[in-house]
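J.: Protein sequences, first through last, are from chains A and B.
Our numbering puts the first residue of the first sequence at 1, with every later residue one more than the last.
Our numbering puts the first residue of the second sequence at 81, with every later residue one more than the last.
For the record, the hints were derived by calculation from the structure and aren't laboratory data.
Among these hints, one or two may not hold up.
What the hints assert, rightly or not - Computed footprint of chain B on chain A, listed as stretches where at least three residues anywhere in the stretch have a Cβ under 8 Å from a Cβ of chain B:
id	segment
1	3 to 14
2	31 to 41
3	66 to 77
Unchecked claim - Output of the computed footprint for chain A on chain B, the stretches with three or more beta carbons under 8 Å from beta carbons of chain A:
id	segment
4	101 to 107
5	194 to 205
6	223 to 229
7	293 to 306
As the list claims (entries may be wrong) - Example chain B residues on the side facing chain A (calculated, C-beta under 10 Å, incomplete):
id	residue
8	A84
9	H88
10	C92
11	G93
12	Y96
13	P97
14	P110
15	E112
16	N265
17	R266
18	E270
19	S318
20	S361
21	P369
22	F424
Note that beta-carbon positions come from the ideal geometry of N, C-alpha and C, so glycine has one too.
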Amino acid sequence: MAIRRVRLTFEGDLITDPVIYQLGKDFDIITNIRRAEVHADVGWVILELDGAEAEIDMALAWASGKGVRVDPITGNVIEG
Amino acid sequence: MAYASALHCRECGKEYPIAPIHVCEWCFGPLEITYDYDAISRAISREKIKDGPLTMWRYADLLPVDGDNAVDIGTGMTPLLKADNLGRELGIDELWIKNDAVNPSYSFKDRVVSVAVTKALEFGFDTLACASTGNLAGAVAAHGAKANMRTLVFIPRDLEVGKVIGAAIYGPTVVAVDGNYDDVNRLCSELADAHEGWAFVNINMRPYYSEGSKTLGYEVVEQLGWKAPDHAVVPIASGSLFTKIWKGMNEFASLGLIDDVRTKMHGAQADGCSPVARAFSEEQLHVRPVVPDTIAKSLAIGNPADAYYALKIAQEAEGSTIGSTPDPEIIDGIKLLAQSEGIFTETAGGVVIANLKKLAEAGRFQKGESVVAFITGNGLKTIEAVEQEANPINITATVSSFEELVDLKPQVGTKATSS
């Protein structure tokens with residue numbers, strides 16, 4: 001089992017999609033929202049995911065495929 | 081001695097003891113240093129600073145480490161040069177260039193890494209790490225060598241050979257990762273979580289690391305005769321440098337070392353990676369992440385960690401701005417600085433000069449106001465951006481060939497303008 005902390009960013013129509021509900025329903029992971037801010041056209045959620053490593057990978061790949069941006073909570077760690 | 085007394089969450093305020101951690105366990109917000117400013121105010125003075133070393137460590141009382149054991153390779157106290165030629169060209173009355181390209185590894189990253197490595201040794205780490213596409217890699221490798229630490233530098237597989245050498249020469253383990261930028265980013269975040277025995281300078285050491293940037297603010301204030309400039313033009317990547325220069329100047333004011341800070345902060349980005357400039361123009365405090373596409377690779381952070389805090393400063397410090405410029409103007413900016421002031425900067429500096437020009441044209445600078453442009457990296461790091469300049473006049477080895485082909489008309493003023 002693993003715990004992963006991520007920041008999801010939603011834009012446009014994705015704002016109204018129940019993405020986090022689906023993450024918990026369609027994949028065998030527990031989602032735990034720690035912080036979030038949602039506006040009319042953009043929103044972000046800082047989330048803790050608890051589950052098997054492979055299941056978390058699949059869940060995040062599904063979210064990315066829907067157009068949700070997935071970042072580590074540290075943001076970009078590669079610097080110029 | 082160190083006056084850092086704790087860490088606190090920038091979001092929820094929860095306090096933590098000094099440790100190699102960077103996010104709040106409660107809300108996952110970023111952690112910041114808590115200082116005992118009462119004790120600092122009793123210890124610090126202009127005279128004490130002036131008597132200190134001619135490096136950034138003259139400000140050790142305001143850094144979260146014990147300055148007596150600093151890993152110091154001579155970083156800081158870089159020149160603040162009056163830029164009369166460029167000022168005349170742009171119509172700026174009092175223009176200064178803070179040339180941080182002359183640090184030991186040729187960028188301002190030596191400041192942040194010097195603090196991070198010093199703190200890593202205090203914590204007892206023996207391994208240093210970073211993920212970088214350029215300047216940070218060189219700074220970490222250089223300081224790792226000086227500190228006798230095992231050093232790991234992660235780079236994208238397709239990084240230019242010159243940048244690889246700029247880190248490899250110091251002897252670290254250089255790991256080239258297959259995959260795109262996001263893949264490398266994700267891997268390094270996971271490695272940092274998995275290897276608690278590593279000091280990953282901008283991850284678990286980030287609260288300490290980022291404080292090093294404050295010294296740029298302190299130095300400019302001291303070099304201007306103990307006063308803050310009226311305007312500061314600063315490149316924005318993660319947004320950390322912008323916020324820390326502001327913080328440094330305001331710490332000096334709150335400690336009574338200078339009068340109030342009325343500096344207008346101007347953030348500079350490239351059009352091809354301008355999430356913070358866009359949020360500023362839309363009067364938002366949160367950015368929409370972007371996929372960078374610009375020659376200014378040292379500023380190419382599509383989801384900047386400190387954007388929110390930079391935007392707050394820009395909105396609160398009246399008259400501040402955050403803008404962006406296209407790549408051709410960045411190249412013009414590099415050439416303009418080189419040909420007017422004899423300073424060769426990398427693309428990030430070109431971004432600063434291009435934005436400085438835009439601000440001047442918009443009438444942002446009044447007569448008698450001091451303007452400081454922060455140049456944070458050396459031009460030899462990004463020569464590919466200006467390789468079209470390598471077009472010498474080819475002659476045969478005869479005087480007649482020289483006289484026939486070389487035009488000796490006098491050069492008047494600066495030669496690089498886009499208009």
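J.: Are the hints correct? Go through all of them and say.
T.: Consistency of the hints with the structure:
1. 3 to 14: It holds, with 4 qualifying residues against the three required.
2. 31 to 41: It holds, with 4 qualifying residues against the three required.
3. 66 to 77: n = 8 at 8 Å, threshold three: holds.
4. 101 to 107: With 4 residues close enough to chain A, the hint holds.
5. 194 to 205: As far as the segment 194 to 205 of chain B goes, the hint is violated, because 0 residues have Cβ atoms under 8 Å from chain A.
6. 223 to 229: violated (count 0)
7. 293 to 306: With 0 residues close enough to chain A, the hint is violated.
8. A84: Violated: closest Cβ of chain A sits about 21 Å from A84 of chain B, beyond 10 Å.
9. H88: 16 Å, violated
10. C92: 9 Å, holds
11. G93: Since chain A brings no Cβ nearer than about 13 Å to G93 of chain B, farther than 10 Å, the hint is violated.
12. Y96: 16 Å, violated
13. P97: Cβ of P97 of chain B sits 21 Å from chain A, so the hint is violated.
14. P110: 9 Å, holds
15. E112: 15 Å, violated
16. N265: 5 Å, holds
17. R266: 6 Å, holds
18. E270: 8 Å, holds
19. S318: Constraint on S318 of chain B satisfied, holds at 7 Å.
20. S361: Violated, about 15 Å.
21. P369: 5 Å, holds
22. F424: Where the cut-off is 10 Å and the nearest Cβ of chain A is about 17 Å from F424 of chain B, the hint is violated.
Violated hints, listed in ascending order, are 5, 6, 7, 8, 9, 11, 12, 13, 15, 20, 22; each of the other numbered hints is respected by the structure.
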